[in-house]
Amino acid sequence: MTYYVTTLLVYAAVDILACLAISLQFGVSGIVNFSFIIFQAAGAYTAAVLSLPRDTANGGFQTYILGLNLSFPIPWIAATLVGALLAPPIGLVVLRRLRSDYQAIAMLVLSVIASLVVTNTPAFLDGAAGLALVPQPLSDKFNPYSDGYHWAYTAGALVLAVIVFFIVQRIINSPYGRSLRAMRENEVAAKALGKNAVAMKMSVFVVGGAIAGLSGAILVGFITTWAPSTWLYPETLILFAAVIVGGRGNNYGAVLGALLVPVGFEEATRYLPTFGPPGLIPALEWVCIGGLILGFLWFRPRGVLPEQRRVFAARPKPIEATEQYAGRD
Amino acid sequence: MSLIVAAFGFGLVSMSIIAISAVGFTMQFGITNMINLAYGQVMIASAYAAYAVNNAGVSIWLALPVGAVFGAVFSFLLNRLIYAPFQRKGTNLIGMVIISLAVSLVIANVMLPIVGYYSVSYHQNPGTTYHLGSIALTGAQLAIIAVAVVVMLAIYALLRFTRLGKAMRATAANPTLARNCGIPTARVVDLAWLITGALCGVAGTVAGMNSDSFSVASGSEFLIPIIAASILGGAGSPYGAMIGAVLIGEMTEISAAIISPEYKQVVAFAVLVLVMVLRPQGLLAKRGALAAAG
Numbered sequence: 563m564t565y566y567v568t569t570l571l572v573y574a575a576v577d578i579l580a581c582l583a584i585s586l587q588f589g590v591s592g593i594v595n596f597s598f599i600i601f602q603a604a605g606a607y608t609a610a611v612l613s614l615p616r617d618t619a620n621g622g623f624q625t626y627i628l629g630l631n632l633s634f635p636i637p638w639i640a641a642t643l644v645g646a647l648l649a650p651p652i653g654l655v656v657l658r659r660l661r662s663d664y665q666a667i668a669m670l671v672l673s674v675i676a677s678l679v680v681t682n683t684p685a686f687l688d689g690a691a692g693l694a695l696v697p698q699p700l701s702d703k704f705n706p707y708s709d710g711y712h713w714a715y716t717a718g719a720l721v722l723a724v725i726v727f728f729i730v731q732r733i734i735n736s737p738y739g740r741s742l743r744a745m746r747e748n749e750v751a752a753k754a755l756g757k758n759a760v761a762m763k764m765s766v767f768v769v770g771g772a773i774a775g776l777s778g779a780i781l782v783g784f785i786t787t788w789a790p791s792t793w794l795y796p797e798t799l800i801l802f803a804a805v806i807v808g809g810r811g812n813n814y815g816a817v818l819g820a821l822l823v824p825v826g827f828e829e830a831t832r833y834l835p836t837f838g839p840p841g842l843i844p845a846l847e848w849v850c851i852g853g854l855i856l857g858f859l860w861f862r863p864r865g866v867l868p869e870q871r872r873v874f875a876a877r878p879k880p881i882e883a884t885e886q887y888a889g890r891d
Numbered sequence: 011m012s013l014i015v016a017a018f019g020f021g022l023v024s025m026s027i028i029a030i031s032a033v034g035f036t037m038q039f040g041i042t043n044m045i046n047l048a049y050g051q052v053m054i055a056s057a058y059a060a061y062a063v064n065n066a067g068v069s070i071w072l073a074l075p076v077g078a079v080f081g082a083v084f085s086f087l088l089n090r091l092i093y094a095p096f097q098r099k100g101t102n103l104i105g106m107v108i109i110s111l112a113v114s115l116v117i118a119n120v121m122l123p124i125v126g127y128y129s130v131s132y133h134q135n136p137g138t139t140y141h142l143g144s145i146a147l148t149g150a151q152l153a154i155i156a157v158a159v160v161v162m163l164a165i166y167a168l169l170r171f172t173r174l175g176k177a178m179r180a181t182a183a184n185p186t187l188a189r190n191c192g193i194p195t196a197r198v199v200d201l202a203w204l205i206t207g208a209l210c211g212v213a214g215t216v217a218g219m220n221s222d223s224f225s226v227a228s229g230s231e232f233l234i235p236i237i238a239a240s241i242l243g244g245a246g247s248p249y250g251a252m253i254g255a256v257l258i259g260e261m262t263e264i265s266a267a268i269i270s271p272e273y274k275q276v277v278a279f280a281v282l283v284l285v286m287v288l289r290p291q292g293l294l295a296k297r298g299a300l301a302a303a304g
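Chains as they are written, first to last, in the numbering used here: chain D, 563 to 891; chain Y, 11 to 304.
FYI, nobody ran anything at the bench for these hints, they're computed from the structure. Be a bit skeptical, because a hint or two may be false.
Stated by the list, open to error - One side only, chain D facing chain Y, incomplete, derived with CB under 8 angstroms:
no.	residue
1	Gly592
2	Arg659
3	Ser662
4	Leu720
5	Val721
6	Ala845
7	Trp848
Where is the CB? At the ideal position from N, CA and C, for every residue including glycine.
Can you make the complete structure from the sequences, with help from the hints?
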């Protein structure tokens, strides 16, 4: 029971982090990052290979690079950094000159290719089999199988999610966030006002990448395995579904979406009686995710908790109506 | 060396398949301003439609038109029922990309329980193998090349010599102006989806014929060389897509011979990245991928 609840909460924390990042990129800034999941994967792999011992340990049943056996906070910090550092090279190719829908398909193709490369290069990150037996943080000091450890891990993950929530909240409420929204609404106008759209997109890409990397590290530290099958490109679409359902551009919406879609779906199918041939339920689940996106974009494109319309608190005093403006108000 | 020459021969087949599919993909984009990411899934669905007929004992060559008709009707309905309503609603480009990806996911997963998880292959007789130096191609492969040549000529004739082709080009260039000149753009768009859908169906079926087996998962594999060829040639330009298909087809097959077949798609992707950095508008198109065009 403890294990069930803590697993649920850790997944919730990871999905909340991911949805906050997507909400910042897609909801606030209008960048459709279809390769989002590879940032999470990069973080997870980084945390894994930094905390695993050399690949000759454990009888050498898996092959991977590094294997530095570093202790706790370092792999997580490195995962965050790698997520952030992965953003500039991708952003430089994709975000500079391309039209917005091209950016999206370029990143989609990148996501497919990255998974292909990792799968076909066993010496790099153990190919399709993936990494297993990743040591859990501080497992040398505490017993990672105890209830207390699970609860502590969950609490840590949730605290990180809350911290990131406030950071993202801070970003989108700042003047900088206002510039981001201006860019989303009308990029040409934002540029005309002297805003550097490429730099703004790039910075959002980096921040989102860092959050994604951290979320990957949290996840892999808990489930201790990571393989290409966990980061196929449709996974990104689930997160987009979550943000669209919750309400893009609204952090509360992102949290709600994370709880409703990735977490909710996983839990709903757990209690469903098995029916049909094996694989039918996952297939139907994907159909529902697709249907959810289409349905929400059609009926409620702004989501359950729409982004707040930002208005000035006090209206400036009306200017004396001159003849020119009379009757316009 | 003979290995590379042989790969060149396979490249001819690859480029034929990519050309048929990429021309359809790029025309959908050019005429309707819509990147249809469900294209690969429609290809696979058509391949399975042809498989159903083929499995009932009909020759694959007679099943090919079935695949084409299926692809045409499927694409037409997809546009009428989903894409066009969203476009009318004013959904932006980004929204449309997300929608088409969601549609692709739905198609793939509706198909899975129906057609099953295992790969299937057509019942076909590859025919005698013809040799030219180190190039060895089966009769079926030569026929695929012939189909591609015929289709390319037909598309050229359609766009160059018919009123419909002219109307399509006008609609692609400026839909509002075309409508104001009395061109029934709605009907042109419908016909464009039917024609490109038929190309998609033919491409799916011949792709299935050329590979040992295919499954639902092949849909996204198909899409990468198609996107690469379309963007390389200049998105929206059918002739550009043909040039792109020739280059991508040969490059992927020759690199498969030199490096490893697993990295075929990676080569296609590397070309895509180079094009996006150096010439985002592609070889032929004047605007296309560049920002602020649409």
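Checked hints:
About 7 angstroms separates the beta-carbon of Gly592 (chain D) from the nearest beta-carbon of chain Y, less than 8 angstroms, and the hint is met. Against a cut-off of 8 angstroms between C-beta atoms, the interface hint on Arg659 (chain D) holds, since the closest Cβ of chain Y lies about 5 angstroms away. Here the hint on Ser662 (chain D) is kept, as its CB sits about 5 angstroms from the closest CB of chain Y, short of 8 angstroms. The interface hint given for Leu720 (chain D) is broken, as the beta carbon of that residue sits about 29 angstroms from the closest beta carbon of chain Y, more than 8 angstroms.
Hint status for Val721 (chain D) relative to chain Y: violated, with the closest Cβ pair at about 32 angstroms, above 8 angstroms. The criterion of a C-beta within 8 angstroms of any C-beta in chain Y is met by Ala845 (chain D), whose closest approach is roughly 4 angstroms, and the hint holds. At a threshold of 8 angstroms, the smallest CB-CB gap from Trp848 (chain D) to chain Y is about 4 angstroms, leaving the interface hint in force.
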